[in-house]
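One line per chain: the protein sequences are H and Z, in this order. For any residue, its number in this note's numbering is found by taking its place in the first sequence, counting from 1, and adding 270. For any residue, its number in this note's numbering is found by taking its place in the second sequence, counting from 1, and adding 164.
Incorrect hints may have been included.
[Claimed, not checked] Below, in silico cross-link-like pairs of lysine-lysine (PhoX-like), each with a Cα-Cα straight-line distance of 20 angstroms or less: (1) H/Lys-409 - H/Lys-341; (2) H/Lys-372 - H/Lys-341; (3) Z/Lys-447 - H/Lys-341; (4) Z/Lys-460 - H/Lys-386; (5) H/Lys-324 - H/Lys-410; (6) Z/Lys-367 - H/Lys-341; (7) H/Lys-372 - Z/Lys-460.
Note that these hints are calculated values from the structure, not bench results. Only a predicted model underlies this, so the values are computations on that prediction, with no experimental measurement involved.
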Amino acid sequence: MIDYLREIISGTWSLFVGLGITIRYFFQPVVTVQYPYQTLPMTPRFRGHIELVKDEETGETKCIVCGMCQKACPSNCITVNGEKREGVKGKVLTEYTLDFTKCSLCGLCVESCTPKAITFSKDYNLAGVKKEAYIFDLKKRLEAKN
Amino acid sequence: MSAFAESEANETFVLNLGPQHPATHGVLRVKLTMDGEYIVEAEPVLGYIHRMHEKMGENRTWAQFLPNTGRMDYLHALAFNHGYVSVVERAAGIEVPERAEYLRVITSELNRVSSHLLWFGAFILDLGGFSPLLYAFDDREHILDLLESVTGSRLTYCYFRFGGVYNDIDDNFVAGARAFIKRLRDRMPMYHNLVTKNIILMKRLQEVGPISAEMCRKYGATGPVCRGSGINFDVRKHEPYSIYPEMDFEVPVYEQGDSMARYMVRMDEIEQSLRIVEQALDKLPEGPVMAEKVPKIIKPPKGDYYHAVETARGSFGVRVVSDGSNTPYRLKLRSPTFSNLSLYGEACRGMLLPDALALMGSLDLVIPEIDR
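Next up, chain Z with everything else stripped away, as it sits in the complex (with noise of 0.2 angstroms):
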């Protein structure tokens, strides 16, 4: 970082990253002012797809908001949706059936590895490696397919209910999950092989894009960018909620903070998310997986209820205040993507383009999510 800034104010240039940019994964936009090829100040430009999920979901009763959640991050789509279902029946007092909690910690922890590993293709694509992606989108595809097979859809899955899940799942399900899980863990050093030890790699990654554990608490990152930057906090560890404090897993920390830990972070995850989901499947007990006494119109009790559920970029938190109508009074939705780009102006500052580039695509940015 030694010739950076070195020529005269007036000398920066301004490039526009996005909003049309490979890079960015979507519609995002960040303003690079430029000295030569490093970076003096990065501005995010947010908007492009702002939808007003916020203010649609007062404008629909709380079960017709059900679909919006899957369509803000579109990659794991069930962490949304257990975080919405979850708040409500916190607001209407629902109770949960067990086998419902399984269900839904199975399917959104395969949603989760899906998630992770359409994040790592792409990754490695805008580092400029295509071929991982295709071996990533080969493993993906057996979860999708395993998806659709019990909710009916490949993507955005609207598959929890108030009060549980839409479908039971059946043998075959148990069965091809059991078959993922083994087959992942026999690729993984495969991945590790082709992707991690490669040199190419290590050298655009290790002590690239730096975050410190100070300027992930200014922002409130949180997920694998705060885990790689030797932050301990996981939501399902930490606010435990549906059956994860009966799950024994490890949360991936690292120390160094750079753009590798981040990538090792969720590396990990994929391999604890596999644990988990072996584990719920020995333990998924029988019995109804939808509660019964379920009103049909909702009208939680007036009050301001919150809830917090941890996706594959980090804490998904929905607060809702019901003033005791059938729609919500307010929805407020706290994504984790916009806390961790936030962080992105004031850790590539002073960072040659390229790197800038592997530090954006290390923060796994949707930006549906980011926009709502």
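If we strip away everything but chain H, and leave its shape as in the complex, we get (with noise of 0.2 angstroms):
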């Protein structure tokens, strides 16, 4: 009986304890942020998806169509094209398409160039109503930024 009561007792405490710490932390600052109207600002490292990286020499593409981001994706979400132009050595880049409906962002392409011609961008606000929305040309998306 004793028991029973302390029990009722040390119970009811234990709630009032409880309710004691939501009410402490009522009147702290708030921990949220307002989205969208108050951002929180992004990590270096964050992993988006790719974007050609333009040579700050020429204006142009890093791009040497060697292909090895196309075969490192698990996904095959990379489609890369280039021909041979008079004049100048190497592959030329035509095509960079990257299916982003396929993409899991795992950052493998960006680690198997070698001359650095790919990176993650920090676009994250990426909603639409169409596949094709997700269908990035990544190229001209590089020609749009110069």
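Combine both chains into one complex, guided by the hints.
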């Protein structure tokens, strides 16, 4: 009987202790951010979808069309095509397509790239209604930047 | 349990729990044969998100399977990463630099804490308490930010590589991790006051869902489930890998075998993981984070290799069979929750439905890992 009463008292007290904690936290500053009005700074290492890097000297892409990224990709979402042009050493990039519907953002392509021609973008607001919106033509994106 | 199964057999009915039910945390279906409020039989039905990860491994090169590991157990992705890279390193005979091993342990222990914090929030949510989830997510957010700053992603990390890790950490990470350890240690008493000592939680967990040590052995349960039943088994201690032998930590074991014991094991494990991270940060050596002589195309010699790691839910083992080519011949994944769930049918026989849900929550199920 005494144990029973003791349990009721200690149990009720435990509820008040919990309520005390929530009340204390109620008066502490808010920890959440009012997205999209406020955003947090992004980490420089954020792995977004890939993007072609501009060569600072030539203003063109650094890609040498070796196809290593295409081979490294686990989901076959990269298509690279190039052609031989007269007067230019090596191949010239004609197509670089990323099928973002299949990409799992693993970053194996960026690691496999010897000339460091691809990097991660910082895009994360990716929402759309059509599948075609996620077939990225990265060459066009690079040219649009110039 | 005295009122159990007093009615005739033809008075039972079948209740489907799931495949879309908030308490099953994913697409798990449990076929319950009920006698009123009591469970006569429970049969977990799996396969709703089976993605053939094992078969996928056979069709990809060794490195291409890496991102898959994080998709199995998305809450403790780094441990699954660790298991896979370790087995391939063992097969191909790749030496890992010491600093990389330290980074692996630091990040995967932080990941374990974040997994336990999410479990803590979701478990209390199953039992009907909402606010602890918000406190847990507040702390978990700090870990996700830390891991994002070093790995680049927040959930499905693919950070470990054969022969090391993908990125080195910087001083900000070390300072952030130390600040987080202090923060969480300061907040642990708050969690215990808010939740553990709460009379409602105690009444719902104590002596509910008992799992005996024999049952754990019979079904191969590992992790906090078996440690809550008095079996002292932790892969980090008993089949040590990486730098765990150099770390000083304890394996929390509770004898009771009820849901409360499993709850306490996980809460104690958070503190032990913080201890490991702290020690690893103190001892962190300088040096490279990637082995120098890692071949670009990995072709392990013919043979059969196995490596187990301790994830937040138990022992995760990877067995690979190599035929000397650039893809695995066979890739077998032994996931902990699959075994932990197997005992559910036997353990919840004769229980009330709400108690069975408390038991299910205490098993810490991650469905993508059960189905693979």
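Verification of the supplied hints:
Annotation: proposed proximity of H/Lys-409 to H/Lys-341 holds, straight-line Cα distance about 19 angstroms (limit 20 angstroms). About 15 angstroms separates the Cα atoms of H/Lys-372 and H/Lys-341, which keeps this hinted pair within 20 angstroms; it holds. This hinted pair does not check out: Z/Lys-447 and H/Lys-341 have alpha carbons roughly 39 angstroms apart, beyond 20 angstroms. A C-alpha spacing of about 16 angstroms is found between Z/Lys-460 and H/Lys-386, which places the hinted pair at or below 20 angstroms, so the restraint holds.
Under the criterion of a C-alpha separation no larger than 20 angstroms, the hint pairing H/Lys-324 with H/Lys-410 is consistent with the structure, at around 12 angstroms. A C-alpha spacing of about 57 angstroms is found between Z/Lys-367 and H/Lys-341, which places the hinted pair above 20 angstroms, so the restraint is violated. For a cut-off of 20 angstroms, the pair hint linking H/Lys-372 to Z/Lys-460 is broken: about 24 angstroms separates their Cα positions.
Of the numbered hints given earlier, the model fails hints 3, 6 and 7; all others are met.
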